[in-house]
Amino acid sequence: MEDRHSVQALAFQMGETLLQNGAEISRVQETMERVARAYHVESFNAYVLTNAIFVNGRDGDEPPRTLLKPLNDSGIHLGRICAVNQLSREIAQGQHTVEEAFAALDDIRALPYLPLWKGTLACAVGSAAFSFLFGGGGWDALAAFFCGLALEPYLRLAEKHRLSKFLTHLSSSALAALLGSALFLLGLGTNLDKIIIGSIIRLVPGVALTTSIRDFFNRDFLSGTIRMIDALLTGGCIAIGVGVVIRLMSLLTGGVLL
Amino acid sequence: MMNLSLLLNWLLQTLVAFVSTIAFSVIFHAPRRESLCVGVTGGAGWLMYLVCTHLGCGVAAASFCATLALAFLARLFAILRKTPVTVYMICGIFPLVPGAGIYYTGYYFFTHDNALCLEKGLETIKIAVAMALGIGIVLSLPWQLFVLRRRK
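As you go down the protein sequences, you meet chains L and X in turn.
Quick note on numbering: the first sequence equals residues 1 to 258 in this note's numbering.
Quick note on numbering: the second sequence equals residues 259 to 410 in this note's numbering.
Okay, chain L solo, but in the shape it has when bound (with noise of 0.2 Å):
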């Protein structure tokens, strides 16, 4: 879409940078009839899924025409959520023109990433805390805190080399299990289910859980499944990593493990 005096196409790609970050479809799909609105579109239809949006409407004299487009989540990015959110509140009040609001946007999407090392420390400190919380000792919390180190560098390395999603969430929650178990062994921390708790907390489905309930009340009954079923696959990958890996490593130490 080279188009940049379309209002059509600017209320589309502000939902899809909406609906790509991780926001619920009720969302996506008000935003972008607040924006129509805004500049007078009189037709526009917008029809949200978790993964598609579909647009038909016209702009003044030009022919109706219709926008759609299959997405993939590409990572959650809360920023980019209140930007777009602002954005459109100012576009409400009419302070941008069509050419402006297609310029924030851009400067929306370009908002950056975490560097991969504040990525891998805030990982590692939430691992930490979990498995406190859910009841492990320090020296439980510093085993995950390691956990938590390793997992975010594997995970932006599949990322890069886009492994499916499936096998993702499998593989990393073996890659905690396996590296908790190994430190446990080695003699750090004392409980191992705390410490494969903390460092898992980081691929359990909360995102998913979440959006699709809030879909789910909002009447988004078929986007809500979508979530629901993703977040039902996610956490079964990461029991049956987790859980193959523990069984492995317990027939391999002769049920030294828990």
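Calculated from the structure, these hints are not laboratory results.
Wrong hints could be hidden among the right ones.
[What the hints assert, rightly or not] Computed, partial: chain L to chain X, Cβ under 7 Å:
| # | residue |
| --- | --- |
| 1 | Ala-52 |
| 2 | Pro-70 |
| 3 | Leu-71 |
| 4 | Asn-72 |
| 5 | Ile-76 |
| 6 | Leu-78 |
| 7 | Thr-120 |
| 8 | Ala-122 |
| 9 | Phe-130 |
| 10 | Gly-187 |
| 11 | Ile-213 |
| 12 | Leu-232 |
| 13 | Gly-235 |
Just so it is clear, the structure is predicted and the values come from calculations on it, not from any experiment.
We treat Cβ as the ideally placed atom computed from N, Cα and C, and that holds for glycine.
For this one, chain L is given, so just place chain X on it according to the hints.
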């Protein structure tokens, strides 16, 4: 009754939940100016969970109450700070997501302890349903409720 060490333990746990929620807000690229509110949301949810389990609630009931508190705060912050509720919700919910349930389900599944596996699996689903109810109820409340609260 309440004693000092219990309260101190709660305080410590709430602080840790605060930190962990902020760690997740960093991972999900939430704007930095929202960090404090995100942390408060997550901490409050976990504190509610602790209090409920102390009073003798089951895991699912405690998760429900904690989600209510968390979602309420999330909506309040969303209106006060003109930010999508998603930001507070997604990060704050993480302490309550049944990661432990997933772990134990997988663990018993592969150690052939079918009864325990089923029990943990069902418990995980119950927690998820309890959280769904909590989120759904608070997010369906009319927004006027929250604005009234602000004017007072």
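For each hint, the structure was consulted:
1. Ala-52: Violated: closest Cβ of chain X sits about 20 Å from Ala-52/L, beyond 7 Å.
2. Pro-70: violated (23 Å)
3. Leu-71: Where the cut-off is 7 Å and the nearest Cβ of chain X is about 17 Å from Leu-71/L, the hint is violated.
4. Asn-72: Since chain X brings no Cβ nearer than about 18 Å to Asn-72/L, farther than 7 Å, the hint is violated.
5. Ile-76: holds (5 Å)
6. Leu-78: Holds. Min distance 4 Å.
7. Thr-120: Violated, about 10 Å.
8. Ala-122: Hint on Ala-122/L: holds, closest Cβ of chain X at ~4 Å, below 7 Å.
9. Phe-130: Nearest chain X Cβ about 6 Å off; hint holds.
10. Gly-187: violated (21 Å)
11. Ile-213: holds (4 Å)
12. Leu-232: Since the shortest Cβ distance to chain X is 9 Å, the answer is violated.
13. Gly-235: Holds, because the Cβ-Cβ distance from Gly-235/L to chain X comes to roughly 5 Å (cut-off 7 Å).
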